[in-house]
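Colleague: In case you want the letters, here they are:
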Amino acid sequence: GNSVTQMEGPVTLSEEAFLTINCTYTATGYPSLFWYVQYPGEGLQLLLKATKADDKGSNKGFEATYRKETTSFHLEKGSVQVSDSAVYFCALSDSAGDDKIIFGKGTRLHILP
Amino acid sequence: GAVVSQHPSWVICKSGTSVKIECRSLDFQATTMFWYRQFPKQSLMLMATSNEGSKATYEQGVEKDKFLINHASLTLSTLTVTSAHPEDSSFYICSVRTGGLFEQYFGPGTRLTVT
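In order, the protein sequences belong to chains A and B. Heads up, the first sequence is in the numbering used here, so the first residue is 235 and it goes up one at a time. Heads up, the second sequence is in the numbering used here, so the first residue is 840 and it goes up one at a time.
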């Protein structure tokens, strides 16, 4: 079945450091891929998405590229800020179009000032 | 996007009792809501799809008689955990679908602890 694997946290970085959170997936068909972010005390928010191979999703300085050959969708940011501290979830939806989203376990990110 | 609230944010109940969790769409009339469960350091697992005016659709392995879902209006869905046991302790999250595949908005979650 479909699944998502992302690096375990917590990840602790200093402000302005480069961030990579790895995500790989297993899926039949052609899934769409997402990154969600959950700030403390808030609900999950869609951060970015990519719907087909080689698409790059981007938002708020974060980027992720849909790599079909490596079944990956790694999240990157060139210079993190304290306000980026949150839990990040990689996710996919299968091609059945039934709105079901499969989530990774989440990676907690701490940014130190 | 839609603003989604959940109540309560945290609840403690005794084993054998039932507890109701509310999910409200504050600014959008939602025909479809989703209920997820999250164990510590685990993924969000979809439990069921809640459809306004009809029976919920449960995922495989989820006991529909234990997790009662009622989507009585376009702005409210409730999840009732019946005869709760300590293994039901978890973080329950709802989401609202406002349109296409990508348009899901999540509530802040409810932490249930069963003693």
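Treat the hints as calculated values from the structure; they're not laboratory data. Backbone N, C-alpha and C define an ideal beta-carbon position, used for all residues, glycine too. Take these hints with a grain of salt, some might be off.
Now the in silico label distances, taken between C-beta atoms and shown as ranges [as the list claims (entries may be wrong)]:
| id | chain 1 | residue 1 | chain 2 | residue 2 | range |
| --- | --- | --- | --- | --- | --- |
| 1 | A | 285 | B | 898 | 32 to 38 angstroms |
| 2 | A | 294 | B | 855 | 29 to 35 angstroms |
| 3 | B | 879 | A | 247 | 37 to 43 angstroms |
| 4 | A | 248 | B | 954 | 36 to 42 angstroms |
If we take Cβ atoms under 10 angstroms as the criterion, some of the chain A residues that face chain B in the derived model are [claimed, not checked]:
| id | residue |
| --- | --- |
| 5 | 237 |
| 6 | 251 |
| 7 | 325 |
| 8 | 335 |
In silico lysine-lysine, DSSO-like type, Cα no more than 27 angstroms apart, as pairs [claimed, not checked]:
| id | chain 1 | residue 1 | chain 2 | residue 2 |
| --- | --- | --- | --- | --- |
| 9 | A | 283 | A | 339 |
| 10 | A | 286 | A | 311 |
| 11 | B | 894 | A | 311 |
| 12 | A | 286 | A | 334 |
| 13 | B | 905 | A | 339 |
| 14 | A | 286 | B | 894 |
| 15 | A | 334 | B | 853 |
Colleague: Next step is simple, just say for each hint if it's right about the structure.
Modeller: Each hint tested on the structure:
| no. | hint | in the structure |
| --- | --- | --- |
| 1 | A:285 x B:898: 32 to 38 angstroms | 24 angstroms, violated |
| 2 | A:294 x B:855: 29 to 35 angstroms | 46 angstroms, violated |
| 3 | B:879 x A:247: 37 to 43 angstroms | 23 angstroms, violated |
| 4 | A:248 x B:954: 36 to 42 angstroms | 41 angstroms, holds |
| 5 | 237 | 9 angstroms, holds |
| 6 | 251 | 24 angstroms, violated |
| 7 | 325 | 8 angstroms, holds |
| 8 | 335 | 7 angstroms, holds |
| 9 | A:283 x A:339 | 18 angstroms, holds |
| 10 | A:286 x A:311 | 21 angstroms, holds |
| 11 | B:894 x A:311 | 43 angstroms, violated |
| 12 | A:286 x A:334 | 17 angstroms, holds |
| 13 | B:905 x A:339 | 25 angstroms, holds |
| 14 | A:286 x B:894 | 34 angstroms, violated |
| 15 | A:334 x B:853 | 32 angstroms, violated |
Violated hints for the displayed structure, listed by number in ascending order: 1, 2, 3, 6, 11, 14, 15.
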